[in-house]
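Line order of the protein sequences matches chains H and L.
For what it's worth, the working numbering labels the leading residue of the first sequence as 1, then goes sequentially.
For what it's worth, the working numbering labels the leading residue of the second sequence as 1001, then goes sequentially.
Wrong hints could be hidden among the right ones.
What the hints assert, rightly or not - Among chain L residues calculated to face chain H with C-beta under 10 Å, some are:
| # | residue |
| --- | --- |
| 1 | 1046 |
| 2 | 1051 |
| 3 | 1057 |
| 4 | 1085 |
| 5 | 1088 |
| 6 | 1092 |
| 7 | 1101 |
| 8 | 1106 |
| 9 | 1112 |
| 10 | 1115 |
| 11 | 1118 |
| 12 | 1119 |
| 13 | 1150 |
| 14 | 1159 |
| 15 | 1164 |
| 16 | 1196 |
Calculated from the structure, these hints are not laboratory results.
Values in this document were obtained by computation on a predicted structure and should not be read as measured data.
The C-beta atom is built at its ideal place from N, Cα and C for all residues, glycine as well.
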Amino acid sequence: MRRMLSQYADIFQSAVESLRAHLLRSTLTSIGVMIGVAFVSLMGWALRSLDAAWERTLSTLGSDMLYVDKWDWSGQGNWRTMMNRKNITLDQAEEIARRLRVAEMTYFSADAWGQTITTADRRASGIVIEGTMARFGMLPSTQLAEGRFFSELEERTAAAVAVIGEGVRTTLFGNRSPVGQTIRIKGRPFVIIGVMPKRGTLFSDFLDRTVYIPLPAFFGIYGRYSRSITVAAKARSPEELDVLRDELTGVVRAVRKLPPQAANDFAINEAEVFRQQVANIRIVIWAVGIGLTALSFLVGVIGITNVMFVAVIERTKEIGIRRAVGARQSTILLQFLLEATMLCVAGALVGVIVSGAIVLVVTAVARDSADFLLPVLPPEIVVVAVAVSIAVGILAGFIPALRAARLDPVEALRYEA
Amino acid sequence: MSTPPLIVLEGITKHYRMGSEIVEALRGVDLTIRRGEYVAIMGPSGSGKSTLMNIIGCLDTPTSGRYMLEGTDVSSLGDAALAAIRNRKIGFVFQTFNLLPRATALKNVELPLIYAGAPPQERRQRAIAALESVGLGDRLRHKPPELSGGQRQRVAIARALVTGPSIILADEPTGNLDSKTGMEIMALFHRIWQEGNTIVLVTHEEDIARHAHRIIRIRDGRVESDMPNPTPIVGAPLLV
């Protein structure tokens, strides 16, 4: 055992020496692997970021929630058809809630998009005003960063209170606490009583630009009939979601008085609808990433194999000498394999550093537009990248190393460069 | 005799394929070399003496025949076993020195001990002792390009001696040296022989061969003559 260790130490040392002796050549050769590893790391990072965004979407929307809406949130479906659907009225919403048996709770909300709100000295546009109910604030997924949500009393009395999203707070108040401050919606003053933490993701970045006010107060501004109501229904458990969806479909069809043959004139939305979107993005990342990665590793393997062939020829005499003083074929094989592998690992480490730097730069530059991206490379991606590079090294080095090991020692000793 | 002879070759042949032709480098060589002998193998180029040396040195295996080294049949051993024999029992000295150019003298001499699996501390000490014994105790950190030809050959001799081998196999050891340095090297071989080592010298130079105590002449792949040399040259040459 000790004997093996002492030999490996020497093999390692001689590999380092020969790589250092040809530093420029070694560097150029490992560029392919470097780029390949950078692609693998960045691809892994993008996929992990996507997963994180997906999980946040799931927890924001709730895996046990269904949302009856005039609009299909997945972005599928014909826009014109949905546009022409009749609004879901408050009366219909109340009728739906009354008839549901398997839902644990329901609440209604209505939205006004593209609104502008002001404080004494600032304004924010592109804001979503959402009228909702106190029950929304009682959902486990509704956590506040600061302050509180409005109560049922405030809801019933159409109190002029508001809970603002994280993005609204930074736009209007910077780092100051907004609780107790007043904002104006269509000129009407609302006192801020709470702030939401960051909730927006790749699929729902508008959430952070939303202001929540009591539904009756919303009707007071925008009128009772101008907006379609969204009915949110919570299942008692995620397992009961299918039962709830079936019941909901029947109830809404009945309330909307659809004849049996007619298609649904509403959509039942849930977090799951975004799964398809995630899958599509995932496929694109894979297709581009795998293609680029495979190409760079191919170039890397060819380059390293080539340089190792050259190294074997250059060092024919050395191989002869080592064999004459007692090196086995397997020792020589290992020496050249290790050299190729070290080339790859060195390239991989540089690749990881480069992609780490790219991640830092991208997340710094695109903090606002693409805030779902993870700020650092996931460590397991780094491990995978290095493991892949070791495999590439062994693959690239094997044939040259085998040639080195099989050299006839007599011929090798006679060789003159 | 209680111990078998060091080397016994029986009917050794070696055939090479050169393109479509079969070259018979050795056509049946019988040879016995005993412990403590100082033997020169002589022959013109193409006589098969290099092939013979490679077989004795376990760098090559015979096509047919039997090679007993210290009572063990080595003619049909595999790579790992032959590597171990070269490592422990054979010390090579070559015409072109064959040192690793980027490694220090010390590292070059340590190399066989690395393959023998000696612990770092021990192999350092043994390598230093071997270099001191050839008069290079002050050149441990020098690399071959920084050394003279004679010094390089002495590093190679230290490398050959460091494992305490059964045979020192020297292939034209003075071929790349001027005659004065060559004689210094031959004096060194004489001392090594006096210290109890067995030396097999391969050469085509009569002057060099006459340092040995037995001269074997090879021609056309066969032993042409095998005679003792009653008047070996010691150290300094008689005729230069």
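**Report entry** List of violated hint numbers, smallest to largest
**Finding:** Checked against the structure, the hints that fail are numbers 1, 8, 13, 15 and 16, while the rest are satisfied.
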